[in-house]
Amino acid sequence: MRTKGAPYAFLAPALVLFAAFLAAPIVYAGYLSLRRVKVSGLGLGAGARTEVWAGLSNYARSLTDPEFVPSVLRVGAYGLIVVPAMLGLALVMALLLDAGRTRVGTFARTSIFLPYAVPAVIASLLWGFLYLPRVSPIVDVLDAVGVTAPDALSSSWVLYAVANIAIWGGAGFNMIVLYTALRAIPTDLFEAARIDGASDVQIALRIKIPIIGPSLVMTFLFSLIATLQVFAEPMTLRPLSNTISTTWTPLMKVYRDAFVRNDIYSAAATSVIIAAATFVISYGFLKLVGSRAFSQEN
Amino acid sequence: MAVVLERAAVVTADASPPRRRRTSPTATVLLLLGAAYCLMPVLWVVVASTKSASELFTTFTFLPSTHLFDNIASLSGYRDGLYWRWMLNSAIFAGGGAAASTLVSAMAGFALAKYDFRGKALVFNIVLAGVLVPAVILAIPQYLLLAKVGMTNTYWSVLLPSFISPYGIYLCRIFAAATVPDEVLEAARMDGANDWRSFSRVALPMMRAGLVTVFLFQFVAIWNNYMLPFIMLGDDRLFPVTVGLSGLLNQGATQPAMYTSVVTGALLSIIPLVVLFLTLQRYWRVDLGAGAVKA
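Those protein sequences? They're chains A and B, same order as listed. Reminder that position 6 of the first sequence reads as 6 in UniProt numbering, one-by-one numbering, no gaps. Reminder that position 19 of the second sequence reads as 19 in UniProt numbering, one-by-one numbering, no gaps.
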């Protein structure tokens with residue numbers, strides 16, 4: 001046997017960092033969410049503001065906040081647009097590339113993956129300008145055919161405008177993941193089907209998609225987690241649009257409560273609710289699909 | 001799974017056996033439409049950076065002009081080249097953070113893949129739970145804790161939290177299990193190598209392709225991160241380019257002349273990543289489901 005302490009020494013940096021930057025913040029957020037500030041007298045002078053036990057009152061306040069529920073529903077609707085559209089686009093493009101029936105494969109693959117190199121903030125900035133009626137080429141085209149283009153940043157369209165940025169930024173990365181999985185399938189698995197006269201579409205639906213199931217599960221899960229955390233896109237678009245409120249998404253509300261209102265207790269409670277919901281949804285989803293993704297065995 | 005990983009890490013798409021058969025116009029058209037959608041904003045920023053402030057909103061969207069170098073000069077002149085400082089900060093955060101987290105992940109992944117020890121299952125399950133914790137949620141409690149020790153508004157406040165990557169550890173465990181044979185480690189031990197030497201001289205080189213992938217993932221994730229530096233940093237000389245540019249955009253809302261600087265800054269900020277990405281494209285081949293192929 002090799003040295004007994006070796007694995008612990010190799011793990012030590014990871015465990016220390018994990019404890020300091022993952023575990024401790026979670027525990028601390030949980031602790032803060034159960035506290036509140038008690039103001040005595042006029043709240044002036046030392047000792048006038050003391051931190052006391054708050055029970056579950058911060059949670060009750062978060063859940064009944066008239067701005068929280070709409071932000072959750074908004075992100076729910078946003079997720080219903082982004083996740084299927086982004087993964088659908090990624091899957092179709094990956095299957096088209098893998099089928100190899102085109103000469104533009106390398107060009108298309110590189111172009112579609114390119115947005116992955118563009119930070120969400122920069123992507124929002126670029127699209128934000130493209131949404132402005134005076135810049136938008138779409139408005140020019142629609143004007144030319146006599147149609148009045150809708151304002152992408154108006155209240156009825158802004159959700160789609162933000163969703164489009166996320167789809168644009170994420171489709172390419174997911175496409176590469178799915179394409180990698182498709183390339184790993186041994187060709188003989190569908191050569192036989194092809195000889196039997198199966199079409200590309202039949203091969204894709206009956207053979208390829210089921211085989212890359214685990215990769216689809218993982219891309220779905222990571223997309224879901226990313227969706228629940230939407231923050232950078234709407235924050236960046238805010239200066240260009242007056243339809244995005246400071247509590248447009250739950251995470252924006254957490255930010256506002258913590259740093260604009262200085263109510264870290266309520267912000268902590270909302271964070272814990274979002275983290276718990278994310279965890280329950282991800283875990284529930286993994287259980288539901290019965291996936292062996294993240295299996296410990298090699 | 002070893003086969004999957006070797007393909008994922010080593011084989012380039014262009015070197016794969018050709019599956020090309022009769023071309024299909026439908027496939028070509030659909031792929032070109034996808035490419036056009038993805039390229040359009042990038043094309044726009046290239047064209048828009050050549051326009052003067054007055055042309056930005058008046059000339060046809062995709063009509064280029066001649067003011068690119070004026071725009072770069074005025075962006076560089078903004079508060080003594082603050083923009084370039086943001087770019088340097090992004091490089092420090094992403095480069096330093098990715099290098100450290102790759103090393104930390106490699107050590108932990110190697111230990112989890114190649115040793116049997118008490119608590120191994122527990123450690124691995126904690127790492128997996130960590131993968132599912134949304135990092136963005138952690139930013140605020142991380143800020144509050146770092147504020148207590150007086151570390152906010154320093155480089156460390158952005159660097160240290162990026163050193164730990166549960167997903168990096170998970171990937172490294174897969175890479176170590178797939179690419180480092182037990183026999184080779186055994187042979188190194190017989191030759192008198194201690195655990196550290198076996199890891200650094202034998203295992204690390206074998207895991208190289210996988211480690212490049214982990215490094216690139218972390219690099220892009222940190223470069224693209226917005227919320228953590230946005231919360232941690234107050235001094236705009238410490239900002240990475242993402243936070244800096246969104247601040248400039250905010251200013252543009254009241255001084256539209258800033259918009260050309262914002263647009264030029266956006267173009268210049270994506271060039272390094274696009275170059276990195278095009279040169280190292282062969283490493284971007286990761287099978288997220290790899291761990292699930294054989295269970």
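To be clear, the hints were calculated from the coordinates, so they are not data collected in a lab. Because the structure is a prediction, the values reported are computed rather than measured. Treat the hints with care, since some could be wrong.
Covered stretches of chain B, going by a simulated chain A footprint (3 or more residues, C-beta under 8 Å) [stated by the list, open to error]:
no. : region
1   : 73 to 80
2   : 158 to 169
3   : 244 to 254
All C-beta atoms, glycine included, are put in the ideal place defined by N, C-alpha and C.
- prompt: Are there at least three residues in the region 244 to 254 of chain B whose beta carbon sits under 8 Å from a beta carbon of chain A?
  reply: With 6 residues in contact (Cβ-Cβ under 8 Å with chain A), the coverage given for the region 244 to 254 of chain B holds.
Coverage claim, chain A over the region 73 to 80 of chain B, checked by counting residues with Cβ within 8 Å (three needed): Three-residue rule not met by the region 73 to 80 of chain B, so violated; n is 0.
query: Three or more residues of the region 158 to 169 of chain B near chain A by CB distance under 8 Å?
result: holds (count 6)
Hint violations for this structure: number 1 only, all remaining hints satisfied.
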